[in-house]
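There are 2 protein chains.
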Amino acid sequence: MLIVKKFGGTSVADKERIMNVAKRCIKEYQAGHNLVVVLSAMGKQTDVLIDMAKDINPNPSKRELDMLLTTGEQTSVALMAMAMSYLGVPAVSLNAFQVAMHTTRSYGNARIKRIDIDRIRHELDQRKIVIITGFQGVNKYDDYTTLGRGGSDTTAVALAAALHADKCEIFTDVDGVYTADPRIVKNARKMKEITYDEMLDLATLGAGVLHNRSVELAKKYGVKLVVRSSMSEAEGTIVKEETKLERMLVSGVAADKNVTRISLIGLKNVPGIAFKVFDILAKANINVDMILQSIGRSETKDITFTIAQDSRDDAIKVLEEKKDLLGYSEISDNSKVAKVSIVGAGMMSNPGVAAKMFEALYNADININMISTSEIRVTVLIDVKDVEKAMNAVHDTFGLEE
Amino acid sequence: MLIVKKFGGTSVADKERIMNVAKRCIKEYQAGHNLVVVLSAMGKQTDVLIDMAKDINPNPSKRELDMLLTTGEQTSVALMAMAMSYLGVPAVSLNAFQVAMHTTRSYGNARIKRIDIDRIRHELDQRKIVIITGFQGVNKYDDYTTLGRGGSDTTAVALAAALHADKCEIFTDVDGVYTADPRIVKNARKMKEITYDEMLDLATLGAGVLHNRSVELAKKYGVKLVVRSSMSEAEGTIVKEETKLERMLVSGVAADKNVTRISLIGLKNVPGIAFKVFDILAKANINVDMILQSIGRSETKDITFTIAQDSRDDAIKVLEEKKDLLGYSEISDNSKVAKVSIVGAGMMSNPGVAAKMFEALYNADININMISTSEIRVTVLIDVKDVEKAMNAVHDTFGLEE
Numbered sequence: 001m002l003i004v005k006k007f008g009g010t011s012v013a014d015k016e017r018i019m020n021v022a023k024r025c026i027k028e029y030q031a032g033h034n035l036v037v038v039l040s041a042m043g044k045q046t047d048v049l050i051d052m053a054k055d056i057n058p059n060p061s062k063r064e065l066d067m068l069l070t071t072g073e074q075t076s077v078a079l080m081a082m083a084m085s086y087l088g089v090p091a092v093s094l095n096a097f098q099v100a101m102h103t104t105r106s107y108g109n110a111r112i113k114r115i116d117i118d119r120i121r122h123e124l125d126q127r128k129i130v131i132i133t134g135f136q137g138v139n140k141y142d143d144y145t146t147l148g149r150g151g152s153d154t155t156a157v158a159l160a161a162a163l164h165a166d167k168c169e170i171f172t173d174v175d176g177v178y179t180a181d182p183r184i185v186k187n188a189r190k191m192k193e194i195t196y197d198e199m200l201d202l203a204t205l206g207a208g209v210l211h212n213r214s215v216e217l218a219k220k221y222g223v224k225l226v227v228r229s230s231m232s233e234a235e236g237t238i239v240k241e242e243t244k245l246e247r248m249l250v251s252g253v254a255a256d257k258n259v260t261r262i263s264l265i266g267l268k269n270v271p272g273i274a275f276k277v278f279d280i281l282a283k284a285n286i287n288v289d290m291i292l293q294s295i296g297r298s299e300t301k302d303i304t305f306t307i308a309q310d311s312r313d314d315a316i317k318v319l320e321e322k323k324d325l326l327g328y329s330e331i332s333d334n335s336k337v338a339k340v341s342i343v344g345a346g347m348m349s350n351p352g353v354a355a356k357m358f359e360a361l362y363n364a365d366i367n368i369n370m371i372s373t374s375e376i377r378v379t380v381l382i383d384v385k386d387v388e389k390a391m392n393a394v395h396d397t398f399g400l401e402e
Numbered sequence: 001m002l003i004v005k006k007f008g009g010t011s012v013a014d015k016e017r018i019m020n021v022a023k024r025c026i027k028e029y030q031a032g033h034n035l036v037v038v039l040s041a042m043g044k045q046t047d048v049l050i051d052m053a054k055d056i057n058p059n060p061s062k063r064e065l066d067m068l069l070t071t072g073e074q075t076s077v078a079l080m081a082m083a084m085s086y087l088g089v090p091a092v093s094l095n096a097f098q099v100a101m102h103t104t105r106s107y108g109n110a111r112i113k114r115i116d117i118d119r120i121r122h123e124l125d126q127r128k129i130v131i132i133t134g135f136q137g138v139n140k141y142d143d144y145t146t147l148g149r150g151g152s153d154t155t156a157v158a159l160a161a162a163l164h165a166d167k168c169e170i171f172t173d174v175d176g177v178y179t180a181d182p183r184i185v186k187n188a189r190k191m192k193e194i195t196y197d198e199m200l201d202l203a204t205l206g207a208g209v210l211h212n213r214s215v216e217l218a219k220k221y222g223v224k225l226v227v228r229s230s231m232s233e234a235e236g237t238i239v240k241e242e243t244k245l246e247r248m249l250v251s252g253v254a255a256d257k258n259v260t261r262i263s264l265i266g267l268k269n270v271p272g273i274a275f276k277v278f279d280i281l282a283k284a285n286i287n288v289d290m291i292l293q294s295i296g297r298s299e300t301k302d303i304t305f306t307i308a309q310d311s312r313d314d315a316i317k318v319l320e321e322k323k324d325l326l327g328y329s330e331i332s333d334n335s336k337v338a339k340v341s342i343v344g345a346g347m348m349s350n351p352g353v354a355a356k357m358f359e360a361l362y363n364a365d366i367n368i369n370m371i372s373t374s375e376i377r378v379t380v381l382i383d384v385k386d387v388e389k390a391m392n393a394v395h396d397t398f399g400l401e402e
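In the order they appear, the protein sequences are chains A and B.
With the working numbering applied, the first sequence closes on residue 402, and no number is skipped along the way.
With the working numbering applied, the second sequence closes on residue 402, and no number is skipped along the way.
Some clues are possibly wrong.
[Said to hold, decoys possible] Pairwise CB distance ranges, derived in the manner of DEER restraints:
#, chain 1, residue 1, chain 2, residue 2, range
1, A, V318, B, R127, 24 to 30 Å
2, B, Q126, A, V318, 21 to 27 Å
3, A, M231, B, D324, 48 to 54 Å
4, A, K23, B, Q293, 48 to 54 Å
5, A, D365, B, D47, 55 to 61 Å
6, A, G346, B, D47, 54 to 60 Å
7, B, L87, A, N285, 22 to 28 Å
8, B, S329, A, D166, 56 to 62 Å
[Unchecked claim] Interface residues of chain B toward chain A, partial, derived using beta-carbon atoms under 10 Å:
#, residue
9, K15
10, I18
11, M67
12, T71
13, A78
14, S85
15, V92
16, D142
17, D143
18, Y144
[Claimed, not checked] With a straight-line Cα cutoff of 25 Å, these simulated DMTMM-like cross-link-like pairs (lysine to aspartate or glutamate) come out:
#, chain 1, residue 1, chain 2, residue 2
19, B, K62, A, D118
20, B, K128, A, D142
21, B, K186, B, E235
22, A, K44, B, D51
Keep in mind that the hints were calculated from the coordinates and are not lab data.
Backbone N, C-alpha and C define an ideal beta-carbon position, used for all residues, glycine too.
From just these sequences and the hints, can you work out the full model?
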């Protein structure tokens, strides 16, 4: 079997953990499997590097930031190769140039376009464990790019797809996908299986277990994903096309605190104004999530939307630059908000699910700011201070603990 | 003018120093010059990385060690580009893959073969300051290599040669080349000019100011080298083909403590035995410096030679592996030795110079272990405890302070 395994920063944070990961991989290698191991930067190294950069330049160019950040994974993979060869198994580390991992050009948030697998195949043919830098790629200018937070999951899935691997195991500090974050909801339950679509909504909504693009990619190429703990041998959760389990109405609850709500007050109430706002944001590479537009009863209207917190400064900047074009009177923003979502493939044919969620929140005395829904998901924006209460209320209401 | 500037680890050890280097470069950029800036890893980062590696694997593969170490310069160049753009000047960092800096395949000690200058020219044409990782290259397998300790000097000179730069300035923590290490010999004097050959001998012999291969390369391609202080605006020392100054008999004294002496005792006294010893060492990529062979009056003989201290373990290992082939009775080694050398183009026509040096050492009560000479150099191996005394005695004897 060819297996792609991805270990996050926590799993390679120090010498002992690197040795543990090495031993775990070697056990499977010695059972005859071929392994490709994708690693993130050690522990909080990416944050340390960002702090170093911002200390020198509060607004560093994204191109140079990627150049800096990619040293993090390169350090991990080199040390892991040393650990494995210390334990007597041939291993080789490869960075994005060596792979080569071709991405779109956008620094800080690139997408993988194509992977040359010749070098990897060549190393695997020599029965080496191949250790590859997650999170990073190379664009057409021969510059490093990074795939955004959590991008190492995407690297692993993309490699599994390109290599036609038998499975792609994502090792994290939890032992699978839960019906809710077990640190917040005490009686959250681990799921044995989940569909790509459910996982996608959970990932997008901040379940924090998997990077959403990695799930999209797994779905697109039918990569069998397994979410497992790097600390235990527990079986984890399998993510695949269809699960054999009977569909639950709601399969999980997720929260995401990385949200900023921005309001444009007093926009001209003319056709195309919303388009202009979101076009400006799209061109600045800012993803807009929930959108609320006031019903334009007068000459002006308001548009409120949410974005990731780290896009806040960029968003405010481009919107202020285009103030004349948009003609609004005021921008306001609030980062003390959070999204809470329920996800479940069973929801599609059950129109009462959203109402049941709102009722649970109402009973818990939680105010809803914004609402957005998809076929298998309901999301509400609430005050960040209410997140814990909301998740427990919803989890209980849908009986997810059993 | 196109100027290549190289700054060592001390010059970029922290935020303040990075900012200082950035400001210094920008001043020249704003005077209309084009700049290529070569950087080493910050402060002691290379040593930190080596320690990390050895903590995981006491004998890491050189290929993986290079993969690890190259993160050091990549960090420096990215931060420097951020510093320059913070100060309002366009800058771009490039690593060995991006340049591309082609080297021989030998990890840890590669030599530069060829530099593609297209990318650098392209960036310079856009009036950017181009910041390039020193010390590192890429071999034909698309793997990182490093050029050995101090290799960033060589990177800078090779770039200056490839780009036909007007000069190559090497910034260090001293303000030029001295007649002896000013920390050891109090009345050492800074030289205004020195020839490539003299500098080469000083570099090889551990003057510590310039990497020897950088001087070889500068000589080969006629690159005008300037050794300057990164802390002051002092003029420094110019290294070039011929100096206008009258030739001194001896131009400098240098010491090198990075020496291990190894003796093979009781070798079979047969033809070709010395060849075998040095062939084994050459194949293990170990540079042998001084050699002393006992006159074979009996059935056995001894060979003593010196190598760099960091090659000691490798040398002992390969010699022990080949014990049967070589048939010696014993290996002994001593790292408490040092080389002291005098260098001077004027020496060639003055046979009495070596004798004068030996007399000075004799008067200072210093025992000489081994001697080696070239046309413009005399080197002695002595106890490391005598280095300071020896340098001062020799410096005084040849009147270098004036």
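Which numbered hints turn out to be false for this structure?
none
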